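Enquirer: Here's the letter readout for the chains.
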Amino acid sequence: MDELQIYLVSALVSAAIWTLPAAAISLIYGVLRYPNFAIPEFMTLGAYLALLLCGFSVPLWLSALLAAVLTGLIALAVDQTIFRFVRAAGTLPPVLLSLGLMLFLQNGVRFIWGNDVHQYPIELARPFVFAGFIVTPTQAAMIGAVAVILVFGIAALRWTSFGRAVRATSTNPELAVVTGIRPEVVYGGIIFASGFLAAIGGVALATETSLTPLLGWRVLIPLFAVAILGGLGSATGAALAALLLATVSEFSLLLLPVTYKTALAFLVLALVLLVRPTGLIRTGGIER
Amino acid sequence: MTAYLVAILIFAVIYGFVALGLNIQWGLTGLINLGQVAFFAVGAYCAALTTQAGLPLLPALVLAALVSGSLGGAVALFTPRLREDYLAIVTLGFSEFVRLIFLNEKWLAGGPDGIAGIPRPVTIPGLDSETSFLVIAAVLLAVAFWFSQRLAHFPIGRTLRAIREDETVVASIGKPTLTYKTLAFVLGAALAGIGGALFASYLTYISPDMFGPNVSIYVLAAVLLGRQGSTLGTLAGTAVVAVLLEGTRLLKDYITVVDGVQLAALRLMALGLALMIIVAVRYGPGRRA
Amino acid sequence: MSNLLEIAGLNKRFGGLQAVDRCELSVREGSITGLIGPNGAGKTTLFSIISGFTKPDSGQIRFGGRRIEGRGAYEVARRGLRRTFQIPRELKEMSVLENLMLVPEGQFGDRLLSVLLPGARVRQEEQVNEAAAREVLETVGLAEKADIAAARLSGGQKKLLELARCLMSRPRLMLLDEPTAGVNPTLIRHLMKVMQKVHASGITLLIIEHNMNVIMELCERVVVLDRGHVIAAGTPAEIQQNKQVLDAYLGGVDA
Chain A
12 MDELQIYLVS
22 ALVSAAIWTL
32 PAAAISLIYG
42 VLRYPNFAIP
52 EFMTLGAYLA
62 LLLCGFSVPL
72 WLSALLAAVL
82 TGLIALAVDQ
92 TIFRFVRAAG
102 TLPPVLLSLG
112 LMLFLQNGVR
122 FIWGNDVHQY
132 PIELARPFVF
142 AGFIVTPTQA
152 AMIGAVAVIL
162 VFGIAALRWT
172 SFGRAVRATS
182 TNPELAVVTG
192 IRPEVVYGGI
202 IFASGFLAAI
212 GGVALATETS
222 LTPLLGWRVL
232 IPLFAVAILG
242 GLGSATGAAL
252 AALLLATVSE
262 FSLLLLPVTY
272 KTALAFLVLA
282 LVLLVRPTGL
292 IRTGGIER
Chain U
24 MTAYLVAILI
34 FAVIYGFVAL
44 GLNIQWGLTG
54 LINLGQVAFF
64 AVGAYCAALT
74 TQAGLPLLPA
84 LVLAALVSGS
94 LGGAVALFTP
104 RLREDYLAIV
114 TLGFSEFVRL
124 IFLNEKWLAG
134 GPDGIAGIPR
144 PVTIPGLDSE
154 TSFLVIAAVL
164 LAVAFWFSQR
174 LAHFPIGRTL
184 RAIREDETVV
194 ASIGKPTLTY
204 KTLAFVLGAA
214 LAGIGGALFA
224 SYLTYISPDM
234 FGPNVSIYVL
244 AAVLLGRQGS
254 TLGTLAGTAV
264 VAVLLEGTRL
274 LKDYITVVDG
284 VQLAALRLMA
294 LGLALMIIVA
304 VRYGPGRRA
Chain R
40 MSNLLEIAGL
50 NKRFGGLQAV
60 DRCELSVREG
70 SITGLIGPNG
80 AGKTTLFSII
90 SGFTKPDSGQ
100 IRFGGRRIEG
110 RGAYEVARRG
120 LRRTFQIPRE
130 LKEMSVLENL
140 MLVPEGQFGD
150 RLLSVLLPGA
160 RVRQEEQVNE
170 AAAREVLETV
180 GLAEKADIAA
190 ARLSGGQKKL
200 LELARCLMSR
210 PRLMLLDEPT
220 AGVNPTLIRH
230 LMKVMQKVHA
240 SGITLLIIEH
250 NMNVIMELCE
260 RVVVLDRGHV
270 IAAGTPAEIQ
280 QNKQVLDAYL
290 GGVDA
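Protein chains in written order, with our numbering: chain A, 12 to 299; chain U, 24 to 312; chain R, 40 to 294.
A few of these clues could be false.
For lysine to any residue, the following SDA-like pairs were computed, each having C-alpha atoms within a straight-line distance of at most 25 Å [stated by the list, open to error]:
1) R:K131 to U:D189
2) R:K94 to U:P199
3) R:K184 to U:K129
4) R:K236 to R:Q280
5) R:K94 to U:R250
6) R:K131 to U:T191
7) U:K129 to A:L267
8) U:K129 to A:F96
9) R:K131 to U:R250
10) R:K184 to U:E190
11) R:K131 to A:F96
12) R:K131 to U:T202
13) R:K94 to U:T191
14) R:K94 to A:G200
15) U:K129 to A:L225
16) R:K94 to U:R106
17) U:K129 to A:V286
18) U:K129 to A:L278
19) R:K232 to R:A170
20) R:K131 to U:P103
21) R:K94 to A:L282
22) R:K131 to U:L255
23) R:K94 to R:R117
24) R:K94 to U:R173
25) U:K129 to A:Y271
26) R:K184 to U:Y228
27) R:K131 to U:G256
28) R:K94 to U:T202
29) U:K129 to A:R229
30) R:K94 to A:V283
31) R:K94 to U:G307
32) R:K131 to U:G307
33) R:K131 to U:R173
34) U:K129 to A:A151
35) R:K94 to U:F101
36) R:K131 to U:H176
37) R:K131 to U:G140
38) R:K131 to U:R305
39) U:K129 to U:G140
40) R:K131 to A:G101
These are computed hints drawn from the structure, not numbers from a lab.
All figures in this text were calculated on a predicted structure; none of them were measured in a lab.
With the rest of the complex left out, here is chain A (with noise of 0.2 Å):
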């Protein structure tokens, strides 16, 4: 097994935690306009009501499912009794509503469930060699969840009507109030889906490393930097850009500390906006 291939594979993992969070953080820029900072908390949210449920007997892969609809349901509640209230205020408000958000649900983690280190009940087992690279079941089953539920949300955006509803109000909210489209409805199901793209990269974090409350926060950075990275707005990018940021902070090991990923993603994060300081690639309309 060469270093290379171990390289590969963590990049791989990485990618596949950040890219369901970063897609849900695009999707809410895109269509709401506005980056949520409440995001990785919900990510927290999800991965405890995971673990939750597996206290329950409930097998871990069915855990997330319904940790990710209830995480879903609660960030449209939120959604619906606070955020509404202030769409027409522009970006500043429901920024700081988000970062009200993240305080409240963090502590709410903590006021819970502790600030004590939780593991899923998972069954150590041998990492299997495909192809040369050393995977073990637990990533490949995460890495493939991802990439199913990836591929089921581009596809929704992409053949649906509420797919085509969402990127009608992304790219013209205007126009698409006067097709018949309710933006409210796009609204609340855009919020829902990211609540649940959030929960399912929680648990996911939570697989790789190990429940705190501080889970979601540690990825903040590179989850807006993924975001960015793949032109907010974009499923497709974000999932691309995941995967360039994840090689390119695997191979930066080699050269930095390991504590250093964070701020090499903030160092990518704030390159890209030097370089467009209005986005990369674009900022309106919503792409598969």
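Fit chains U and R to the known structure of chain A by using the hints.
Expert: Frame of chain A; chains U and R shown alone:
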């Protein structure tokens, strides 16, 4: 009990500097900064290292202001064309970047262990160490308040407010907007740096985990609560936030159903909720957009 | 008389659109020059380039004999070339008076140092600036509105404030972007009088305008822009007879 009150007041005064700084950047000039903790941290480390090397407190404060201010200027110069939302992301990311540097560079700042044994070198004859510190910090805050208040009400403050309202107009009447925006960032960062220096000197111990994003959110809530742009309001907002955060520690003796971690978590949940409510009321339907 | 503003070979492209196309234009010192053309002819883009808000792809702009193309907006403004905005951009939260007191250049109170020194000098300066601002408000007829928030002005009054802000700096050249658009006939008469007063006080004017009566009455020279290119220039009477101009306008209607 008195000692406890003094401690709360000292924290309020320290956060007061940081919030006044944010008020110049965001309240007055309209530049959102979610990473004010970065300048707070840099001021703290700067004072910790220099006072340990024997520098008296006041020169250390000046140095902290200069170093933090320069860093603020650098951030402003790198981000002049960024829209509000991107500036929010970059400043938040920047503060975490700065924290990671302190966490990793053991030679500079002791890494995860931080710096202990920072001197608190001021006492006023007849007062204990804590009270003298409070008096000195409060006098300095009064100076910072006077400065902020004059800045806001002088013609220069009018120009900063004009930039907040419409930068294009200010450029069209022949004023160098980038210079003013940079100035606002420098001043705000310098004030945060002074706050950080006092923080280090008061606690005599600092570590990277004290400089997470929460501090930025506290002062954001303070400025928001006091209405952006109002100097007096900012200080009042800071007092409310400080009481909410530090004052509720008193409850520990009376509330036994939750443990220490839970109480700390509840405090921050309350602050997060309060922040959301303020925003929803301030920007909700029927209010100014 | 000499030319205050001279534009030669100016180009600006946005994606597939040639917004300004080999534009040649000059404005004589002391004149009122009109700039007309169908919608989308590139008039506002041209203003935006002259005033330094948009960088041209190529070409030259001379103001008072010196090159200004590619300079930043605030530098161009400092040389005495000021613009108004088509849609008024009053500073809403400030009073009308404050909107104008913001304008004077080189205010001592605009420097950080002033905050740290005794306030007497700033107070004195503010008195002078306030007197100047009130005089300008008197000139444009907004004196009674001096102390209300600019947000509370009517649409027409905002147009006047836009003009007043420009006038406050006593520029050499004012670029007025549709000063009478969306304004009622009575106020149009008033605005025209104000513009004549401003002109009589020695300020050169370049005006984008759709109202042909205004053009006919005010301007001694008219320049016609179509698809970014100057297609005609002359006295208002000459322009009225020009067949190319008529075609451009009618063509604009069709397209």
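Enquirer: Please go over all the hints and tell whether each is borne out by the structure.
Expert: Comparing the hints with the structure gives:
{"no.": "1", "hint": "R:K131 to U:D189", "in the structure": "holds (9 Å)"}
{"no.": "2", "hint": "R:K94 to U:P199", "in the structure": "holds (17 Å)"}
{"no.": "3", "hint": "R:K184 to U:K129", "in the structure": "violated (63 Å)"}
{"no.": "4", "hint": "R:K236 to R:Q280", "in the structure": "violated (29 Å)"}
{"no.": "5", "hint": "R:K94 to U:R250", "in the structure": "violated (38 Å)"}
{"no.": "6", "hint": "R:K131 to U:T191", "in the structure": "holds (14 Å)"}
{"no.": "7", "hint": "U:K129 to A:L267", "in the structure": "holds (14 Å)"}
{"no.": "8", "hint": "U:K129 to A:F96", "in the structure": "violated (47 Å)"}
{"no.": "9", "hint": "R:K131 to U:R250", "in the structure": "holds (17 Å)"}
{"no.": "10", "hint": "R:K184 to U:E190", "in the structure": "holds (24 Å)"}
{"no.": "11", "hint": "R:K131 to A:F96", "in the structure": "holds (24 Å)"}
{"no.": "12", "hint": "R:K131 to U:T202", "in the structure": "holds (23 Å)"}
{"no.": "13", "hint": "R:K94 to U:T191", "in the structure": "holds (15 Å)"}
{"no.": "14", "hint": "R:K94 to A:G200", "in the structure": "violated (42 Å)"}
{"no.": "15", "hint": "U:K129 to A:L225", "in the structure": "holds (23 Å)"}
{"no.": "16", "hint": "R:K94 to U:R106", "in the structure": "holds (20 Å)"}
{"no.": "17", "hint": "U:K129 to A:V286", "in the structure": "violated (32 Å)"}
{"no.": "18", "hint": "U:K129 to A:L278", "in the structure": "holds (21 Å)"}
{"no.": "19", "hint": "R:K232 to R:A170", "in the structure": "holds (22 Å)"}
{"no.": "20", "hint": "R:K131 to U:P103", "in the structure": "holds (23 Å)"}
{"no.": "21", "hint": "R:K94 to A:L282", "in the structure": "holds (24 Å)"}
{"no.": "22", "hint": "R:K131 to U:L255", "in the structure": "holds (23 Å)"}
{"no.": "23", "hint": "R:K94 to R:R117", "in the structure": "holds (17 Å)"}
{"no.": "24", "hint": "R:K94 to U:R173", "in the structure": "violated (38 Å)"}
{"no.": "25", "hint": "U:K129 to A:Y271", "in the structure": "holds (13 Å)"}
{"no.": "26", "hint": "R:K184 to U:Y228", "in the structure": "violated (57 Å)"}
{"no.": "27", "hint": "R:K131 to U:G256", "in the structure": "holds (22 Å)"}
{"no.": "28", "hint": "R:K94 to U:T202", "in the structure": "holds (20 Å)"}
{"no.": "29", "hint": "U:K129 to A:R229", "in the structure": "holds (21 Å)"}
{"no.": "30", "hint": "R:K94 to A:V283", "in the structure": "holds (22 Å)"}
{"no.": "31", "hint": "R:K94 to U:G307", "in the structure": "violated (39 Å)"}
{"no.": "32", "hint": "R:K131 to U:G307", "in the structure": "holds (20 Å)"}
{"no.": "33", "hint": "R:K131 to U:R173", "in the structure": "holds (22 Å)"}
{"no.": "34", "hint": "U:K129 to A:A151", "in the structure": "violated (37 Å)"}
{"no.": "35", "hint": "R:K94 to U:F101", "in the structure": "holds (21 Å)"}
{"no.": "36", "hint": "R:K131 to U:H176", "in the structure": "holds (17 Å)"}
{"no.": "37", "hint": "R:K131 to U:G140", "in the structure": "violated (52 Å)"}
{"no.": "38", "hint": "R:K131 to U:R305", "in the structure": "holds (18 Å)"}
{"no.": "39", "hint": "U:K129 to U:G140", "in the structure": "holds (16 Å)"}
{"no.": "40", "hint": "R:K131 to A:G101", "in the structure": "holds (17 Å)"}
When each numbered hint is compared with the structure, violations occur for hints 3, 4, 5, 8, 14, 17, 24, 26, 31, 34 and 37.
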